[in-house]
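Visitor: Once you've looked at the hints, dock chains B, C and D with the ligands against the given chain A.
Chains as they are written, first to last, in the numbering used here: chain A, 1 to 328; chain B, 1 to 328; chain C, 1 to 333; chain D, 1 to 333.
Worth flagging that the hints you see were computed from the coordinates, not collected in a lab.
Treat the numbers as computed from the prediction; the structure is a model and nothing was measured.
Mixed in with the good hints there might be a few duds.
As the list claims (entries may be wrong) - No farther apart than 20 Å at their CA atoms in a straight line, the calculated lysine to aspartate or glutamate pairs in the DMTMM-like style are these:
{"no.": "1", "chain 1": "A", "residue 1": "Lys328", "chain 2": "A", "residue 2": "Glu218"}
{"no.": "2", "chain 1": "B", "residue 1": "Lys328", "chain 2": "A", "residue 2": "Asp286"}
{"no.": "3", "chain 1": "B", "residue 1": "Lys39", "chain 2": "C", "residue 2": "Asp254"}
{"no.": "4", "chain 1": "A", "residue 1": "Lys328", "chain 2": "B", "residue 2": "Asp164"}
{"no.": "5", "chain 1": "C", "residue 1": "Lys140", "chain 2": "A", "residue 2": "Asp21"}
So the chains spell out like this:
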Amino acid sequence: MAELTYRAAVAAGIAQEMDRDPTVVLIGEDVGAAGGVFKLTEGLFDRFGPDRVRDTPISEQAIVGAAMGAAMTGLRPIAELMFSDFFAVAWDMVANQIAKTRYMTDGQVSVPLVLRTANGAGLRFGAQHSQSVENWLMAIPGLKVVAPSTPADVVGLMASAVRDPDPVIVCEHKALFATKGEVPDGEHVVPLGTAATVREGTDCTIVAIAAMVSRAAEAADRLAADDGISAEVIDLRSLVPLDAQAILASVAKTSRLFTVEENPRLCGWGAEIVSLVADEGFYSLDAPLVRITTPHVPLPSAAALEDAALPTVDRIVDTVRRRLDEAK
Amino acid sequence: MAELTYRAAVAAGIAQEMDRDPTVVLIGEDVGAAGGVFKLTEGLFDRFGPDRVRDTPISEQAIVGAAMGAAMTGLRPIAELMFSDFFAVAWDMVANQIAKTRYMTDGQVSVPLVLRTANGAGLRFGAQHSQSVENWLMAIPGLKVVAPSTPADVVGLMASAVRDPDPVIVCEHKALFATKGEVPDGEHVVPLGTAATVREGTDCTIVAIAAMVSRAAEAADRLAADDGISAEVIDLRSLVPLDAQAILASVAKTSRLFTVEENPRLCGWGAEIVSLVADEGFYSLDAPLVRITTPHVPLPSAAALEDAALPTVDRIVDTVRRRLDEAK
Amino acid sequence: MATTKPALADLDLRLGLYRVMVACRRFETRAQELFFEGLVRGTTHLGIGQEAVAAGFAAAMRADDYTFATYRGHNHALARGTPMGPLYGELFGRANGLMGGKGGSMHITSAEHHMMGSYAIVGAHLPIALGAAWSAQYRKSGQVAVCFFGDGTTNIGAFHEALNLAAVWKAPVVFVCENNQYMEYTAIAAVTAVARPAADRASAYGLEPIVVDGNDVDAVHEVAVATLGRARGGDGPSLVEAITYRHGGHSRADPGTYRPADEVSSWLARDPITTYRARLEAVGVDAADLDRIEAEATAKVAAAEAAAREAPEPSPDVIETEVWADGSSRWRN
Amino acid sequence: MATTKPALADLDLRLGLYRVMVACRRFETRAQELFFEGLVRGTTHLGIGQEAVAAGFAAAMRADDYTFATYRGHNHALARGTPMGPLYGELFGRANGLMGGKGGSMHITSAEHHMMGSYAIVGAHLPIALGAAWSAQYRKSGQVAVCFFGDGTTNIGAFHEALNLAAVWKAPVVFVCENNQYMEYTAIAAVTAVARPAADRASAYGLEPIVVDGNDVDAVHEVAVATLGRARGGDGPSLVEAITYRHGGHSRADPGTYRPADEVSSWLARDPITTYRARLEAVGVDAADLDRIEAEATAKVAAAEAAAREAPEPSPDVIETEVWADGSSRWRN
Ligand SMILES: Cc1ncc(C[n+]2csc(CCOP(=O)(O)OP(=O)(O)O)c2C)c(N)n1
Ligand SMILES: Cc1ncc(C[n+]2csc(CCOP(=O)(O)OP(=O)(O)O)c2C)c(N)n1
Ligand SMILES: [Mg+2]
Ligand SMILES: [Mg+2]
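Pulled out of the complex, with its shape left as it was, chain A reads as follows:
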């Protein structure tokens, strides 16, 4: 086991795959010589050379489109979108081309690529550089979507993403780059579609991803300490494929579900989870299904505002406590 930052885990995860498979290549803005604007790809250019690690112009449609064309013809490209907000400028490539091509060709063409991106808030970058866009991606049939919360999962999910024969989007959370964690030695692979139970509990289920996982866990600790509430915390890790059974099994035990979502309120991944449980898990429920989200607003940039807009530990604790109380 080695302790790595989430940031270093990104480069380590990519390196693991580039070492293994010579068809894995990396492109993006400043990913090469500069090692990435967040230093997420540091060392890769020196190690794998300019043929395998290429800087691009500011041309997201060309970056993503080129990755697609390469994936269709024998490479396993990894393309970086510097900020996840920039999916918007390449959205046609992602939503209409990459996602649909295998289906439209009835399986003649596969698109085994990875799009990686710095997602999420917390750095006071404002509304165009702080979004959580997992729900944009999850809404598009044909895309797989993962959102690791720990350095180990960064490495493990990156491995699965690169090896997967279908397009996978890896949402790397900006607010986690400096966090540290143990990463197993040797090859580390986490299968897509497996949620992790971060904390066991019996009174309610709290589902979260990425930066919200540690907040949910901290909230659970406080609820246990202060209120004697035993919350189970599930880190989905992968939105598509989705570990629906893990959620349903947990709710079968706890009868109550909360989601903690960084995305704006409407049509988030939480709405999907809630809907799934409200259908398939309905009879095990004994209280409302509650989403704890950022309000449905663009993200403000001031520290005081950004901090208050996202779900905080306080807000999670208060909401869970209040809603469980109400339900008594």
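Guide: Quick look at chains B, C and D with the ligands alone, frame taken from chain A:
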């Protein structure tokens, strides 16, 4: 009252607003001399002239961006995106610029524009020309979204959209263009955010929009005739703002909710409605909340496949019957 | 225009060019009739009048070179060897369709023939073709990607990004603009800042302007040989503007009446197939040989139509297959 | 380069240009210090070294002409008259911020000064500026929109679409590329197919290539007068490439070490402010007048800093305001 096609109602609705307000202008591909590729803007070029009705190159970012810049500086532009799938090529303009600018400038700048688009399936156009993208739009804070199902609502919602001081997206459904309906004489305005109860009922609530409304209504008729099930059918008409009270009131009466969604399964508007009811309406529920959707796949083009992929009247009837049975 | 003169192609090559053009024409002419009969559903965009571009390029391509086309892609698919039966099947929405009825007329793909797809969002396939070229470059396979698109496509962002990046990476890709003068119902000249929508942009990417008579299959072939050679030789991309015309409307039932009658008739007089037949006869090709080629095409089209007519509708079961490489569409456990 | 020679601007104008450049420089230099002190949060992109572009254009603009800028927009905001206190307030994330803390450094907007926003997605504001110009044209207001962006922006799709449509519509917009040689950490030359990323694309839109020494405020002003005049006169858009350099890194703590030391030093020697001061002194301007301008700037910056330091944090209540024109963020009843 005059009987109009949905198609003619689009031009009539636009004309009503252009007549009223000289700052209303219309741009898009082939919207001018050709009257639109679906003939949705027929007659407007002759009536209002080339300064107010302008053809553009195939440059969706420029079309939508230009509409935004014009809206910021005194015009009330209406821009057409020929197919709603093309939101993808202008997604940055829509999701990052138009939606966020008022907020980011703390209200200094308003963006009163309308984006209209041919949305939805049924014409065997395949995966890149048949999508229902209301959920892409609903997920973005700062956008209002309407989806009329009748000619009268086309005119009435177009009026509200054009007059609204914020950006409004009008999703015009391709499969409805040829349908007919009465449109009130004189000025006709339908406020944003008001759902229409298409059919009253007591056993369950079925919520639908656009092309799914008539299917839901037909299914309700059959359920009444064949099974004695009394279904209330609600046409949301407007997703943002959302008439949440209409839904909650109906579910308070019926205790059961179904959505009928043309969009692919994950993170649709239905998931939002279900989540809302699963939270705020939980205690009036006595059975699972059920979404009837297109499966989570890109849309196939063959007639036999497209027809079977969308929610059909049969599937609605079967699902409602089965799920109500189960719940007994 | 016509900056090149017909290559002294040998007879086999020339008969081959003729064969492809005629096959395309017969296929599409019949497809249009079948559209009006209601057999071809949805939409269909015909390249009638533009066959010389497809034929001229395809003949210059190596079997493993990649073709990327638009919704107006039947000619390109056929020119690469895609069989007609499954093509009709796809247009009819039948189970024997090239893509099993999932793609439709606008997404014709035959990976087996390196026909890597038809793309229905204007401009999207230019970056994708560049990506295939980059892949070939990386794999040192010697393959070239050829990307066909219309005049209207030169005004969309993806065009610009793809051209620049292709030039910077010296990617082995040939971008071929089929300038048929119109977008859907609007003339390209009405909405474009320059007279030659592709050629006048070439210098913006450090490329030479290349304009060719797109109705002269020999001229197209010569340009194709040159630009493919350049790409294969490591000298990077080219941007070719082929001047041509679609005889009919943009799609479906569009009669194309927004075009002046004399413009249409002058282009009909320059039909790439009849003029080529005349040229071949002028250089001594036996009319009977040409007649035979035409008869063969007619027969193939008829057989293909029959096969597609007989094919069943696809089973609804396939709706949920082939989203993922495991053949399924499962997104959850 | 430097296709223009300094205008014989009158002294007031020239002192005004100097005043704006100095104010920008002082404001940003201090902003950087405050960033390292932790007072400026998030990110900040400084235009130190590029002040002549902002000053030269702003001086040529009518009060109601529109400015559209990027995340590197402080200079442009200041040059149009945006007050420094609220600008610092926004950078600090305080309640007195220009946008109440909602926008941040990358989205500086002062609609009152026709500073119509700073845009943080590369290229997005080119179509938007074109739209403002189209609006002015339609309203016959005589206004011009001026849109500033970087060299890296010339490779994104929105650039292409905006330039073409602006040219076709003869929109009164001036597109100004501040070519500071770098994108974030990568040199523009490494990823661009032409040497002059903007000017070498002008002909693709039927425009003249215009290159100006972006460190020479007189030259910039002359080009601004000419291009604004052209736009206002109904002759359509221009594309200007102003060659300049950012003295520091791209943003935040970037030390900009990817740039050769001698390149940096040669550009520092061409500082637009020190060279302009020298020029003014050479034509006889009293050094004391220039000193006074500098002292005034320093005082204004200090006062602005103090005002922003004193301002409270914004109240969390404002998070849910101003999504809609009614001031609310209500999406449901
Ligand atoms: C991004 C986008 N915008 C608009 C359309 C609708 N559309 C389909 S074909 C077409 C015209 C394309 O013109 P051109 O590029 O000249 O090709 P042609 O059809 O003439 O072959 C348009 C506007 C589209 N498919 N994609
Ligand atoms: C679409 C998009 N891609 C990437 C970025 C990240 N980014 C921000 S600034 C920048 C460099 C821009 O370079 P240039 O246009 O030369 O402007 P400069 O920063 O030099 O003023 C990049 C890549 C972005 N904001 N938007
Ligand atoms: Mg065309
Ligand atoms: Mg730059």
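Visitor: The structure should be examined with respect to each hint, and the outcome stated for every one.
Guide: Checked hints:
{"no.": "1", "hint": "Lys328(A) / Glu218(A)", "verdict": "violated (24 Å)"}
{"no.": "2", "hint": "Lys328(B) / Asp286(A)", "verdict": "holds (18 Å)"}
{"no.": "3", "hint": "Lys39(B) / Asp254(C)", "verdict": "holds (12 Å)"}
{"no.": "4", "hint": "Lys328(A) / Asp164(B)", "verdict": "violated (44 Å)"}
{"no.": "5", "hint": "Lys140(C) / Asp21(A)", "verdict": "holds (16 Å)"}
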